[in-house]
Amino acid sequence: MKKKEEIMIDVNHVSMRFNLGIEKGFSLKQGFIDLFNKEKRKNKKKNEFWALKDVDFKINKGEVVGFIGSNGAGKSTLLKVVAGVMKPTKGSVAAYGNICPMIELGAGFDPQLTARENIYLNGAVMGYSKALIDSKFDEIVEFSELKEFLDVPVQNFSSGMTARLAFSIATIVDPEILIVDEILSVGDIAFQAKSEAKMLSMIGGGTTVLYVSHSLESIKKLCDRVIWIEHGVVQKMGGKEVCDDYLKFMEKKEAGDKNGKEGN
Amino acid sequence: MVKFINNIKYTWIKYGFLLQQLVSRDFKVKYKRSVLGIFWSLLYPILMMTVMAIVFSNVFKMSTPGVSYLAYLLIGLTYFNYFSEASNLAMSSVVGNFSLINKVYIPKYIFPLSKCLFVGINFLLTLIPLYVVILATGTGLNWWHLLLPFSFICLFLFTVGMGFILSTISVFLRDMFYIYGIIVTIWTYLTPIMYDINIINPTLQFIMKFNPLYQFINFARSIILYGNCPTLGQFAGCAVSALVIFFIGIFVFKKNQDKFIYYV
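Quick mapping for you: the protein sequence lines, in order, are chains A and X.
Start counting the first sequence at 1; every next residue gets the next number (my numbering).
Start counting the second sequence at 1; every next residue gets the next number (my numbering).
Since the hints were derived computationally from the structure, they do not count as laboratory data.
Warning: the hint list may mix true and false statements.
[Claimed, not checked] Distance ranges between label pairs, derived from CB positions:
{"hint": "1", "chain 1": "A", "residue 1": "Lys253", "chain 2": "X", "residue 2": "Ile182", "range": "49 to 55 Å"}
{"hint": "2", "chain 1": "X", "residue 1": "Leu42", "chain 2": "A", "residue 2": "Ser201", "range": "37 to 43 Å"}
{"hint": "3", "chain 1": "X", "residue 1": "Ile207", "chain 2": "A", "residue 2": "Gly72", "range": "54 to 60 Å"}
{"hint": "4", "chain 1": "A", "residue 1": "Ser201", "chain 2": "X", "residue 2": "Ile46", "range": "54 to 60 Å"}
{"hint": "5", "chain 1": "A", "residue 1": "Gln112", "chain 2": "X", "residue 2": "Tyr178", "range": "24 to 30 Å"}
{"hint": "6", "chain 1": "A", "residue 1": "Leu150", "chain 2": "X", "residue 2": "Ile207", "range": "43 to 49 Å"}
{"hint": "7", "chain 1": "X", "residue 1": "Tyr178", "chain 2": "A", "residue 2": "Ser70", "range": "38 to 44 Å"}
{"hint": "8", "chain 1": "X", "residue 1": "Tyr178", "chain 2": "A", "residue 2": "Met250", "range": "46 to 52 Å"}
{"hint": "9", "chain 1": "X", "residue 1": "Ile153", "chain 2": "A", "residue 2": "Phe137", "range": "35 to 41 Å"}
{"hint": "10", "chain 1": "A", "residue 1": "Leu150", "chain 2": "X", "residue 2": "Gly37", "range": "20 to 26 Å"}
{"hint": "11", "chain 1": "A", "residue 1": "Asp224", "chain 2": "X", "residue 2": "Trp40", "range": "55 to 61 Å"}
{"hint": "12", "chain 1": "X", "residue 1": "Ile46", "chain 2": "A", "residue 2": "Glu145", "range": "45 to 51 Å"}
[As the list claims (entries may be wrong)] When the alpha-carbon atoms are kept at most 25 Å apart in a straight line, the in silico DSS-like pairs for lysine-lysine are as follows:
{"hint": "13", "chain 1": "A", "residue 1": "Lys130", "chain 2": "X", "residue 2": "Lys255"}
{"hint": "14", "chain 1": "A", "residue 1": "Lys90", "chain 2": "X", "residue 2": "Lys254"}
{"hint": "15", "chain 1": "A", "residue 1": "Lys136", "chain 2": "X", "residue 2": "Lys28"}
{"hint": "16", "chain 1": "A", "residue 1": "Lys90", "chain 2": "X", "residue 2": "Lys30"}
{"hint": "17", "chain 1": "X", "residue 1": "Lys30", "chain 2": "A", "residue 2": "Lys130"}
Don't be surprised by glycine CBs; every beta carbon is placed ideally from N, CA and C.
Looking at chain A on its own, in the form it has when it is part of the complex (with noise of 0.2 Å):
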């Protein structure tokens, strides 16, 4: 039996729904027709579209888990309520620890700004303090390698040049709990090698990982334990055999739709 202590993530049955129906806001015109549209309000409830159904596990303590599916199967919203972006609709998440989320890096940036200006800006919005960068400020510009074009707005970087730094920013701290959006795949080669290594180093030194991607081989590399989601439902937990049954399905799927094709 594992200490309740150890526990870092505790997803309590949640469910997630979203309302297709929903289209940026609301517009009067639309909203003075559908009064007279029976049909159209009777439909509201079918537009409904659960992203997760009672998706229920627990994570310990230095745990890597990785999640699996198919696009549009969930994960992202799943990492997403586990950081606190979203509220579940139905369920409860705890999390017992400060999380690093790396949902989608450098989405504090702003263009206008330099890249001195962002470091503390993003920092900022990551949650770090203003002491905690001023001391890791040097190891930032190191790791990103960008130290001539420190005072040069992000706007007049290279995509590549802006996700070093991103990346360098997000990685900088030790967090209890690391959300990683399959974002392993950053700048030229050298750099990836770079923070691929950093990535392990960061998996490695014990803490809590929840780790998306579609790379199922480094999902084998990294993972202690691997949950499949699909259509927002967890379909298999457990250990890496996991990914086989995932690809199984599908290829099987695959062939399925082109034996729905010829049909056709």
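Position chain X against the provided structure of chain A, taking the given hints into account.
Coordinates of chain X only, in the frame set by chain A:
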């Protein structure tokens, strides 16, 4: 109570730096690449005042008996411009930062709040030309000026409250950006900025006094122009209108903020 204070303290430690970064970001971006830079904050109200003074005192023959019309006008403009600029920026701040809200957990109220603070610093700068005009027109100074910060705080709280309400509405109803532009224009004319409230008929006057902005401006005018200590009623008028809107704003924002994410 102690818990409440500790809560605020904790929030400040955690997000104070981010708030500071967001405000300084706005400053840097606003004046980047402009030749006169921050001098625009000083120049703009003076130019605005000059134009309006020429139009209203020469064309419409407006005057304020016993006191300088220029000072009268500029007090109103300074207060109203703060409100209209800050509330406009605050309104679009949540929608404008959706890309961030969608990816990292940040308390959402920080966006409208940072805009109100940013414009607030600008407001303090515009006090410089205001005092230049006060001295140049021979209006003179008196000790009651030390009470003016009370009206600044009321104006700020009122604007933050309005910012919360407007930013919430605009998430669900994007038309608000256009509607509010018209509302502000109407509001400008309903607030005695360029005319004396005494030229209006008494019933209308009574209604117009419910305008919180009139309360703040009137408070400042009775100190600066007439050298009076504001009456208890004036103090109460400012404090009540500011706090009511402030708390309504907090309530509306807090109640709806979890739904924002669905309207991205």
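For each hint, the structure was consulted:
| no. | hint | in the structure |
| --- | --- | --- |
| 1 | Lys253/A <-> Ile182/X: 49 to 55 Å | 54 Å, holds |
| 2 | Leu42/X <-> Ser201/A: 37 to 43 Å | 52 Å, violated |
| 3 | Ile207/X <-> Gly72/A: 54 to 60 Å | 55 Å, holds |
| 4 | Ser201/A <-> Ile46/X: 54 to 60 Å | 58 Å, holds |
| 5 | Gln112/A <-> Tyr178/X: 24 to 30 Å | 26 Å, holds |
| 6 | Leu150/A <-> Ile207/X: 43 to 49 Å | 57 Å, violated |
| 7 | Tyr178/X <-> Ser70/A: 38 to 44 Å | 41 Å, holds |
| 8 | Tyr178/X <-> Met250/A: 46 to 52 Å | 48 Å, holds |
| 9 | Ile153/X <-> Phe137/A: 35 to 41 Å | 36 Å, holds |
| 10 | Leu150/A <-> Gly37/X: 20 to 26 Å | 22 Å, holds |
| 11 | Asp224/A <-> Trp40/X: 55 to 61 Å | 58 Å, holds |
| 12 | Ile46/X <-> Glu145/A: 45 to 51 Å | 48 Å, holds |
| 13 | Lys130/A <-> Lys255/X | 31 Å, violated |
| 14 | Lys90/A <-> Lys254/X | 19 Å, holds |
| 15 | Lys136/A <-> Lys28/X | 23 Å, holds |
| 16 | Lys90/A <-> Lys30/X | 43 Å, violated |
| 17 | Lys30/X <-> Lys130/A | 23 Å, holds |
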